[in-house]
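Colleague: So the sequence lines, in the order shown, correspond to chains R and U.
Just so we're aligned, residue 1 is where the first sequence starts under the numbering used here, counting upward by one.
Just so we're aligned, residue 1 is where the second sequence starts under the numbering used here, counting upward by one.
Since the hints were derived computationally from the structure, they do not count as laboratory data.
Mixed in with the good hints there might be a few duds.
As the list claims (entries may be wrong) - Simulated crosslink set (DSBU-like; lysine-lysine; CA at most 35 Å straight-line):
#1 U/K55 x R/K561
#2 R/K585 x U/K317
#3 U/K89 x R/K585
Claimed, not checked - Beyond 10 Å from chain U on every Cβ pair, some chain R residues (computed):
#4 S118
#5 A233
#6 D582
#7 L626
#8 A654
Where a beta carbon is used, it is the ideal one built from N, C-alpha and C, also for glycine.
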Amino acid sequence: MSFNLLNIASSGVRASSELLQTTSKNIANVNTVGYVRERTEFTTMVDNQVGRGETYRLLNEFAQSQLNRDTSNKSFFDQFITEANRVDTIFSEESNNLSTGINSLFNNVQEALNQPSSTVARSLVMTDAQSLIDQMDRLSGIVLDQKSVVNEQLEIFSDEANSLIQSISTLNQNIAAVNGTNNAADASSTYNERDKAIRDLSELIDIETLDGPNGEKLVFMGTGEAVVMQNGAFNLFSMTGDPDPNFKEFTLDVNGGKAVPLEVDVSKLKGKIGGLLAFRDDILVPAQNQIGQMGLAIADAFNEQNKLGMDATGQLGGNIFNIPTVGAYAYQANTGTAGMTATVEPGKGSELPASDFIITYTANANEVSIQPIDNKGDPLGQPSLADISTGVIDSSTITSGESFGLQVNVSGAGVEGDQFQIKLNSDAASSITLATGRAEDLALASPIRTANDLNNIGTATISAGEVTSVTSGGFTTAPGLTNGEITLVKTGNANEYQITDNSGTSTFTITPPAKGMLSQAGAPFDTYGFDFDIEGTPATGDTFTLEFNEGGFDDNRNGLKLADLQNGELVRLNVETTATADNHKTFNQAYSGLVSDIGVITGQAITSGAAFDALAQQSEAWYESLSGVNLDEEAANLLRFQQSYSASAQVLAAAQEIFDTLLNAAR
Amino acid sequence: MRLSNNLMYQNNINKILDNQQGVANAQERVTTGEKYLTTSEAPAAISQAMLYSNKIQTNEQYTKNINQLNNRLNTEEVVLSSINDAILKAQTLTIQAGNGALNENDRASIGKELEELQKSILDLMNTRSEDGKYIFSGYQDDTQPYQFDSSSGRYTYNGDQGQHSTIIGEGVSIKSSDNGFDTFEKVDARLNIESNTAAVSGFITAANVYVDGQTEFDKFHQANYNADPTALATANTYSVLVSPGATAAEPQTYEIYRDGAPQSPAITGEVTDDTIEYAGMTIEIEGSAPGQLDFTLKKPQKENILNTLESLVNSLKDTSSNSGSLQQTLDNSIVQLNNASEQVIFTQASLGGRMNAVDTVSASNLALNIQNKASRSNLVEVDMAEAISELTKQETALQASQATFGRLSNLSLFDYL
Numbered sequence: 001m002s003f004n005l006l007n008i009a010s011s012g013v014r015a016s017s018e019l020l021q022t023t024s025k026n027i028a029n030v031n032t033v034g035y036v037r038e039r040t041e042f043t044t045m046v047d048n049q050v051g052r053g054e055t056y057r058l059l060n061e062f063a064q065s066q067l068n069r070d071t072s073n074k075s076f077f078d079q080f081i082t083e084a085n086r087v088d089t090i091f092s093e094e095s096n097n098l099s100t101g102i103n104s105l106f107n108n109v110q111e112a113l114n115q116p117s118s119t120v121a122r123s124l125v126m127t128d129a130q131s132l133i134d135q136m137d138r139l140s141g142i143v144l145d146q147k148s149v150v151n152e153q154l155e156i157f158s159d160e161a162n163s164l165i166q167s168i169s170t171l172n173q174n175i176a177a178v179n180g181t182n183n184a185a186d187a188s189s190t191y192n193e194r195d196k197a198i199r200d201l202s203e204l205i206d207i208e209t210l211d212g213p214n215g216e217k218l219v220f221m222g223t224g225e226a227v228v229m230q231n232g233a234f235n236l237f238s239m240t241g242d243p244d245p246n247f248k249e250f251t252l253d254v255n256g257g258k259a260v261p262l263e264v265d266v267s268k269l270k271g272k273i274g275g276l277l278a279f280r281d282d283i284l285v286p287a288q289n290q291i292g293q294m295g296l297a298i299a300d301a302f303n304e305q306n307k308l309g310m311d312a313t314g315q316l317g318g319n320i321f322n323i324p325t326v327g328a329y330a331y332q333a334n335t336g337t338a339g340m341t342a343t344v345e346p347g348k349g350s351e352l353p354a355s356d357f358i359i360t361y362t363a364n365a366n367e368v369s370i371q372p373i374d375n376k377g378d379p380l381g382q383p384s385l386a387d388i389s390t391g392v393i394d395s396s397t398i399t400s401g402e403s404f405g406l407q408v409n410v411s412g413a414g415v416e417g418d419q420f421q422i423k424l425n426s427d428a429a430s431s432i433t434l435a436t437g438r439a440e441d442l443a444l445a446s447p448i449r450t451a452n453d454l455n456n457i458g459t460a461t462i463s464a465g466e467v468t469s470v471t472s473g474g475f476t477t478a479p480g481l482t483n484g485e486i487t488l489v490k491t492g493n494a495n496e497y498q499i500t501d502n503s504g505t506s507t508f509t510i511t512p513p514a515k516g517m518l519s520q521a522g523a524p525f526d527t528y529g530f531d532f533d534i535e536g537t538p539a540t541g542d543t544f545t546l547e548f549n550e551g552g553f554d555d556n557r558n559g560l561k562l563a564d565l566q567n568g569e570l571v572r573l574n575v576e577t578t579a580t581a582d583n584h585k586t587f588n589q590a591y592s593g594l595v596s597d598i599g600v601i602t603g604q605a606i607t608s609g610a611a612f613d614a615l616a617q618q619s620e621a622w623y624e625s626l627s628g629v630n631l632d633e634e635a636a637n638l639l640r641f642q643q644s645y646s647a648s649a650q651v652l653a654a655a656q657e658i659f660d661t662l663l664n665a666a667r
Numbered sequence: 001m002r003l004s005n006n007l008m009y010q011n012n013i014n015k016i017l018d019n020q021q022g023v024a025n026a027q028e029r030v031t032t033g034e035k036y037l038t039t040s041e042a043p044a045a046i047s048q049a050m051l052y053s054n055k056i057q058t059n060e061q062y063t064k065n066i067n068q069l070n071n072r073l074n075t076e077e078v079v080l081s082s083i084n085d086a087i088l089k090a091q092t093l094t095i096q097a098g099n100g101a102l103n104e105n106d107r108a109s110i111g112k113e114l115e116e117l118q119k120s121i122l123d124l125m126n127t128r129s130e131d132g133k134y135i136f137s138g139y140q141d142d143t144q145p146y147q148f149d150s151s152s153g154r155y156t157y158n159g160d161q162g163q164h165s166t167i168i169g170e171g172v173s174i175k176s177s178d179n180g181f182d183t184f185e186k187v188d189a190r191l192n193i194e195s196n197t198a199a200v201s202g203f204i205t206a207a208n209v210y211v212d213g214q215t216e217f218d219k220f221h222q223a224n225y226n227a228d229p230t231a232l233a234t235a236n237t238y239s240v241l242v243s244p245g246a247t248a249a250e251p252q253t254y255e256i257y258r259d260g261a262p263q264s265p266a267i268t269g270e271v272t273d274d275t276i277e278y279a280g281m282t283i284e285i286e287g288s289a290p291g292q293l294d295f296t297l298k299k300p301q302k303e304n305i306l307n308t309l310e311s312l313v314n315s316l317k318d319t320s321s322n323s324g325s326l327q328q329t330l331d332n333s334i335v336q337l338n339n340a341s342e343q344v345i346f347t348q349a350s351l352g353g354r355m356n357a358v359d360t361v362s363a364s365n366l367a368l369n370i371q372n373k374a375s376r377s378n379l380v381e382v383d384m385a386e387a388i389s390e391l392t393k394q395e396t397a398l399q400a401s402q403a404t405f406g407r408l409s410n411l412s413l414f415d416y417l
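Bound-form chain R, shown alone (with noise of 0.2 Å):
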């Protein structure tokens, strides 16, 4: 009896010093990272004595599975909002506000018009030109030093998952090789560090896990791509930029780098690593294509109005703004020796959307489509086609669709599926350069004026007169009017007029109202590219003049117009529309637009950031609930099983006591 006694004594003891063994390591790891609870059952056994201990980890696989997922949409908030933020705070701040530079450049515009003769006005125009350029490129530099910093951290991200990958495969081998034998209560400190990596790849991108053979946890991506396989096999992630190398790709390496890397589909990736793609594709990429619009509508309409114009010595003006031309990225599957260059097409900078553009050579010779292409990569509205036997792509050439304001320069040889890709807004936004600092280039004045002869009888005055196109034939390089001054004189006849330059005379029949006089003359005077309008009744004689308008340094009707850019409606919304559709919009809305574009996504992922939040915290507080060290209840488990620890060890002294009191009987 004794014997049996002893037996259970010791068992019991045995088992109550398991049982403190395991308290004392949860009170241990009550800080560490990822360990999860452990607990220590005893099952009796036939002859009374405590059996064997089995010590488990408390986990629920479901909780756990659950707070992977969430950790993976509230990093992905996390992460693009942080970015998010900076930018966002960035527009936010008044001196970067590209308005404040547009508006104090058409303020300037105005002032030199109240004194055109003088310099010093047009100087201030000039300075306030170069100011907006230097705020521009400030603005686009910004961004683009994001786009860098995104690239870095993506880089490193991807490193980070890529060990965690590889340690995950590792931490499977020894849990395999360590599962089914006697030790593998010992292994729970790798489950624990191998269910942590997941939890850190978790915080990364978003996985899925399904448990595999002896133990070993297989690691899927959300969208399905394996990462790790069976027997430490798996993929490692890649950033490769193609066709602009700056622009990363996340690829996912497969069997071991010998095959294809499989492109991602980045728009569905959560975790920190989708949250800054997202931060890329849906903030950076739209905001440098804006700033770059904006910064060539303003640009080209500027250079267009002011050739229509006189300047300050008395020649046609010319270009303010240098347009640049950027270099097409070509994709790296390409086979063809074709080159091309892009820049905007003189006078159709309001045509130009605020989208990436891919050239793409079709089964037809010298033909190509050109696709605009949103901020993910996915084809916008219809491709259009052009004709490059001349090596151009401009307004002129296009077969079918619309040239978007672009002309691009061909070069070389392509092959059908060779593909480029174009990005002029992104990269023009910084290279706009003023094409002249000096002050007399600015042309205000217009190049003709217009005359009523003095014994005029009638009451009819002749208009200032418009100009709409100065490369149509009318002027000359010298500069003056191809065919010197004009003159109108009234006939007898009812709307009949007779027009005289040195050309030569005829008379023509108007059709009332006396509008656009020399377009209602015929030819030649119809190309000369200005006109002007009779405005009242003239009388049979009367007679009117146009002529070039050497000297008219006062005048600033050219002006009038450049200063009105402000208010026009230059800078275009959508690249899908229709003919009726309002679809442009001011400088200045266009850049309120882009301001609160940024503003409203980064509003709406701080709406669903706290969301994920919340049901994060919530995730969280169920697996902790089960998994967590709480140190009041091992307090208790402590002081429990002391007792039954002294209570088995007293048995102990009680079986040898009543051993002893058997022996001295003997005796």
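Given chain R, work out where chain U should sit, using these hints.
Modeller: Frame of chain R, contents of chain U only:
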């Protein structure tokens, strides 16, 4: 639900961090005065406020433009006023010179005075603005508007017909200059007949035609002059056919033809004292009937005041001129000086109208500006009282969470074992 130690600490720390963020944000609002720190808090309001800011910035420029415009218009008004004064003085002198009691020397001295007036009007017409640009030469502000051409003996206008505009409000522009063409050149000359000596034929030996009743003649001229350039040269020629009376005692009769054909109704009458009065003209005949005399209406012309004064001064100084031509010159001058003054006053009126328009627009700009600033501040500027009470609230919350953390984190079963 069972709480683990980690969860408890995490929750408490998170609350404290959140409260600290709240205090920092509230403090930022109080110190900057902006309701929203970033656009994401209220994108619609911020973009609306940006559009208001644009309007406010543009309005500042309009105010500057209005100042400049007022300067230009005021300068022009002063000059035109002075020119008008000079014209009035010239008119007085001209009427004085018509006094038959004056002798040659008197007339010559009046001529001298008129010459001085002419010089001062010329200087005023060639006024330059403060930066040395001529104000009356249209677009060519480096070209002197009026210069004396010694080969023709006349003053010519060398500028053009341009007018400078200034933008003073959204979509509102006002003409800020007047050119010499519209103000000084478009002055009507006196309507007259070609020559005071009529072409005679028949028994009439000589005839003189003078315009006496200018008003009546002006009406006649405007009603009857044929301006068609394709019309014949004789379209405006009138012929007076004088026929002798039925007897020697009866007066001669006349009929007036136009362009060789009788008029309808026919104009006939009797010649009294060798004089015929017709349409404000006095026709004096020498000789006897029958005969014919012709005169032609003169094409309406324009003459600027400098040339009017030039002819007048030359005529007054010329001691050999006869009274007849001097009288014609004086008649011309009176009419033309009057017309010139009217043209200047007309320009002044337009100037006044423009200045009124500028005042109206300026007042409206000011009101709009105030409204825009108020709207903008409603959208994005913080109400200081509200912001400060928010700051106090956040501070209290932070203090509370810090105090409770201190108290509750001390509770542990180990203290009681």
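Colleague: In ascending order, which of the hints set out earlier in this document are inconsistent with the structure?
Modeller: 2, 3, 4, 7
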